[in-house]
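Mind docking chains R, Y and H on chain B? Use the hints.
There are 4 protein chains.
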Amino acid sequence: MKSNETKIRVRYAETDTMGILHHAVYPVYFEEGRTELMRSLGMSYSEMEKKGVILPVYFVNVKYFQPAYYDDLLTLQTELAELNGVRIKFDYKLFNDQKTLLAEGNVTLIFADPISFKPIRPPKWFVKLIT
Amino acid sequence: MKSNETKIRVRYAETDTMGILHHAVYPVYFEEGRTELMRSLGMSYSEMEKKGVILPVYFVNVKYFQPAYYDDLLTLQTELAELNGVRIKFDYKLFNDQKTLLAEGNVTLIFADPISFKPIRPPKWFVKLIT
Amino acid sequence: MKSNETKIRVRYAETDTMGILHHAVYPVYFEEGRTELMRSLGMSYSEMEKKGVILPVYFVNVKYFQPAYYDDLLTLQTELAELNGVRIKFDYKLFNDQKTLLAEGNVTLIFADPISFKPIRPPKWFVKLIT
Amino acid sequence: MKSNETKIRVRYAETDTMGILHHAVYPVYFEEGRTELMRSLGMSYSEMEKKGVILPVYFVNVKYFQPAYYDDLLTLQTELAELNGVRIKFDYKLFNDQKTLLAEGNVTLIFADPISFKPIRPPKWFVKLIT
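Chains as they are written, first to last, in our numbering: chain B, 1 to 131; chain R, 1 to 131; chain Y, 1 to 131; chain H, 1 to 131.
Here chain B stands alone, though its shape is the one from the complex (with noise of 0.2 Å):
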């Protein structure tokens, strides 16, 4: 399936009395390698909203293996994993410069209606984007 590569430096403000990534943080890091996943397939997460599909969490799940300090450079691996009915399923893993896996994780997102939050089929440019 299609996948990619993120750097993401972490921020000071990121970081936690431990003097390590806050857990609560690898959610938004996926966040941003999704985004730029899709922007790679050609269709920004952003302009799927203008179109009227949204795509609200449905499933988070991190295992953290090492921790992850200020000023690390790491690496996001971004994978679409699964594209089934309503659902959207994406794989993570986090490396720091050493290569160290740092955590994985994956996220299930829903297509859904703007207002209603409703769930609605993929759109069919999209499906056709990823595959």
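Simulated from the structure, these hints should not be mistaken for laboratory data. Bear in mind that the values here come from a model prediction, so they are computed numbers and not experimental data. Yeah, the Cβ is synthetic: ideal placement off N, Cα and C, and Gly gets one too. Treat each hint with caution, since some may be false.
Subject to a maximum C-alpha distance of 25 Å in a straight line, what follows is the list of computed PhoX-like cross-link-like pairs (lysine-lysine) [what the hints assert, rightly or not]:
| hint | chain 1 | residue 1 | chain 2 | residue 2 |
| --- | --- | --- | --- | --- |
| 1 | Y | K99 | R | K99 |
| 2 | H | K63 | R | K89 |
| 3 | B | K124 | B | K7 |
| 4 | Y | K93 | B | K118 |
| 5 | Y | K93 | B | K63 |
| 6 | Y | K99 | B | K118 |
| 7 | R | K7 | Y | K128 |
| 8 | Y | K50 | B | K118 |
| 9 | H | K50 | B | K99 |
| 10 | R | K50 | B | K50 |
| 11 | B | K99 | Y | K118 |
| 12 | B | K7 | H | K63 |
Calculated from the model, a selection of chain R residues having no Cβ within reach of chain B, i.e. all distances over 12 Å [what the hints assert, rightly or not]:
| hint | residue |
| --- | --- |
| 13 | Y12 |
| 14 | V53 |
| 15 | S116 |
To give an idea of the interface, some chain H residues facing chain R are shown, with a C-beta separation under 7 Å as derived from the structure [unchecked claim]:
| hint | residue |
| --- | --- |
| 16 | H23 |
| 17 | A24 |
| 18 | P27 |
| 19 | V53 |
| 20 | I54 |
| 21 | L55 |
| 22 | Y58 |
| 23 | F59 |
| 24 | N61 |
| 25 | V62 |
| 26 | K63 |
Leaving out everything else, chains R, Y and H in the frame of chain B:
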């Protein structure tokens, strides 16, 4: 002028590698302070948005004297300092539980249209509430 | 097992362009939930850190059912679900004020040394507190 | 004085219900700007911390002119404006990709001891780097 006090407990995620409350969180606390002040005056900000008036921030000013730490129970004093044309200004003082002044600041917001973001006169019902 | 309830009000800064509470904030709320549960058991997490034990997060899992909105007053149920070797697991349910279940999840943390981040046995005084 | 430019893309998590970049994120971007400016001068802030000097924030000042939106690619200009005793001041201008000035601001920090948080003279090697 109108004022109130809000208790806020410092979250772990809000601290940084220095082991202190990160400076960019203070404007978030200030926003919570004016949310609670407006509620105490009988008009929640969410109701105001539903009535078609938004309050984007025009100016933020914070002076930091002493650090706050994870789990500190802070007291935030919010005062409606000025209503001047399309602008509204709030003054803030933040204390820890030893009554040490940690920071002070002010935030100026603009009454605006939610679509165009253009300035509008403050609604009469709002002016009445605060005077 | 031990459990408690915490009230949390959604901040404006925590919402996103969809007009809903951003999904990465839920782990921050969960952290607040276990902070309050540990306090209710007679041992604040900040005291635990002062005694030389930290609890880095190992696993986060969140399922999102319904959105939350700015200014919603939420109820977070936190339950200490499992203490297994060096791991401790908390289960969460988040409700809005109509008692709709918005999300559920769990977080597993590791008892660790604050310098090396290596796993350590949970302190006896802590095990005693929670059993 | 020394200055540089940093590109920053607005994350979804950083926007709010108004559909714009939340105002409390601007100081986080400014922090990224001075991180990159210091790196370009040959001394990363993380190295400075390792050498026993921290830079807590003393004063933040932001004026907001126009909103930024999700996925906007912004240009942040950071200028080292003043080194005065124990204080260092940075000036900022933030532009979108139409070169519209979105905001300007400044941040003053204090050279301090990492344990006591007491002010200290800026290290000679640092003064040499920036002059």
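- Query: Which of the listed hints are broken here?
  - Reply: 1, 3, 7, 8, 12, 13, 19, 21
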